[in-house]
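Which chain is which? The protein sequence lines are A and B, in order.
Quick note: the first sequence, position 36, residue 36 per this note's numbering, numbers continuous.
Quick note: the second sequence, position 275, residue 275 per this note's numbering, numbers continuous.
Source of the hints: derived by calculation from the structure; they are not laboratory data.
Every value quoted in this text rests on a predicted model; they were computed, and no experiment measured them.
All clues given are correct.
Chain A side only, calculated, beta carbon under 8 Å to chain B, not exhaustive:
{"id": "1", "residue": "Ile-18"}
{"id": "2", "residue": "Leu-29"}
{"id": "3", "residue": "Ala-88"}
{"id": "4", "residue": "Ala-94"}
{"id": "5", "residue": "Ile-105"}
{"id": "6", "residue": "Pro-114"}
{"id": "7", "residue": "Leu-120"}
{"id": "8", "residue": "Tyr-134"}
{"id": "9", "residue": "Val-224"}
{"id": "10", "residue": "Lys-228"}
{"id": "11", "residue": "Tyr-253"}
{"id": "12", "residue": "Met-256"}
{"id": "13", "residue": "Phe-272"}
{"id": "14", "residue": "Leu-273"}
Label-pair restraints from in silico Cβ distances:
{"id": "15", "chain 1": "A", "residue 1": "Phe-259", "chain 2": "B", "residue 2": "Pro-255", "range": "37 to 43 Å"}
{"id": "16", "chain 1": "B", "residue 1": "Lys-195", "chain 2": "A", "residue 2": "Thr-83", "range": "35 to 41 Å"}
{"id": "17", "chain 1": "B", "residue 1": "Val-20", "chain 2": "A", "residue 2": "Arg-46", "range": "55 to 61 Å"}
{"id": "18", "chain 1": "A", "residue 1": "Gln-238", "chain 2": "B", "residue 2": "Ala-41", "range": "22 to 28 Å"}
{"id": "19", "chain 1": "B", "residue 1": "Ile-105", "chain 2": "A", "residue 2": "Ile-274", "range": "24 to 30 Å"}
C-beta: ideal position from N, C-alpha, C; glycine also.
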Amino acid sequence: MSGEDRFVLCMLAPAVAILGVLVAYPVGLLVLDSFFKVDTITPHLREWVGLQNYVDALTSKRVAESALRTVQYSVFALFFEFTFGFCAALLFSALAGQSRWHRTIFALPLMVPPIVAGLLWRFLLVGNIGILNYGLVRLGLISDPEAIAWLSSKDIVIYSVSFADIWLTTSFVALVSFAGLTNIPKDLLEAARIDGANALKRFWHVTLPLMRPVIAVVVIVRGVDAAKTFDLIWIQTQGGPSHASEVFSMNIYQRMVRFGDLGEASASGTLFLIVMMLLAAVAYWKIWRPVHA
Amino acid sequence: MRRAPRLNLSGILINAAALVLVLSYALPYIYLLMTSIKPAADVQQIPPSFFPAVVSFENFREVLQSSTLPRAFVNSLTVAVLTTALSLSVAVPAAYVATQYRRRITTIFLLFALVTRMVPSVALGVPLFQLLKSVGLLDTIPGLVLAHTSAAVPLALLLMSAFFEGIPKELEEAARMDGCTRFQAFRKIVLPVMKGGIAVTALFTFITSWNEFLYALLLTSEATKTAPIVIAEYNSVYGLAWGAMTAAAVLYSLPVIIVTLALQKQIVGGLTFGAVKG
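Could you build all of it, start to finish, from the sequences and the hints given here?
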């Protein structure tokens, strides 16, 4: 081994050790546990059951419902974060040098801890004292401040709990998109203008294709994070009313902590991990690759 | 080059739209600040008012005099500082060789770090609980630091790699010509150049640990609880103590906001840089 190789290994070793012990080994344990029937409360039980936990997880109605809710939540949150964030970035880029203060204030939610965002939005939406509904009454959009039960109506709660997520992370989308937009060469847009392309056409044929890698990063990072969300929803509703806002991560948590069913929780955790990696891979190939090809 | 302010119609519309957007995102937090300085009795008045009728600090007095919150703040601070120190000390050297001495092993390593970001913390939380329990670190500060480090190292690695990619290999080569060993070149030449990037990465690692909720919920109990857990309890255990909750939330989030605003330029740069390159 050359001196250079030895140096590389020495510098790499501590990080490899940490990730090995704290990530790879636990993930291994997770996968191993998923093949056992485990009861951590009473009695202490640990028995090999093969794929039974996976069969149970995949056929359980509550698991399927929580998985569906995770999709609803993530798609809804991602759609609005992306729309608002991208529009903000376009506005900031149109304002150019004048947008510094706008960007500073807009970045504020980025620094707010998720738990605070969750509590804050619960406070804004909560029945009878939630100021949002009073604001809507003032604007004449609804007639009674209790007309919309954001967090206690089973039909809409999964969307209401995502407001906090949207508020918290739109600025991330905006800042990353803004950085992407500033990197687009001005002369390309100028050339398109000279060729007679109007603003919409310039956006569609020049800006959007060049923004592809940035959009890919935003969609992957935010999509994965939204699907993993636990604290934001937990603090607003604890998954209620009657499981109507119980997402997949919360379902796993409940089965492990409340019911002590480690085996089934592990099987769900493993499935969750596999799906996330597959989705990220698909997003990577579909959105990112064609630019380099 | 500074562009002259445009006063035509589209310029005014763009300015107005940007103002509306920015204000609507700032308002919820301003409402939190306003609520925290209302007398506790006014917090839940119907209909709610945006601004306080009288300014009172009784909510702050209440949370600061409670036995659990100040202690939880100390726990959060300790865990975040230790997590940052541990994560950076392993991630910085690794990110350096991964970007400056490319090998197959370093590529695989960075890919592994990237994949680690996809692991849902609830999935990792289950086995981490068992792991820490088996070595007697459950419900201890070091145990929580290790759990936070599992999430912080990949983040620090990706951010630092983005920063290291910006420096030329010649820097290290020049130092080697002057007789430095590889390690000396890293320590004496490269690290000082990277001060800014390391500071941004440290701040991000710190904030990640400071904000972390799920591991703290799973792995701690009374003595080692962190701030977010205690703040969350204001809203369940003690009923709906909104006044105290808003004060605690302000105390918990304001330091990070102030530091970030002060270092805004570097941080926003680092964040977008890390996200786009990572």
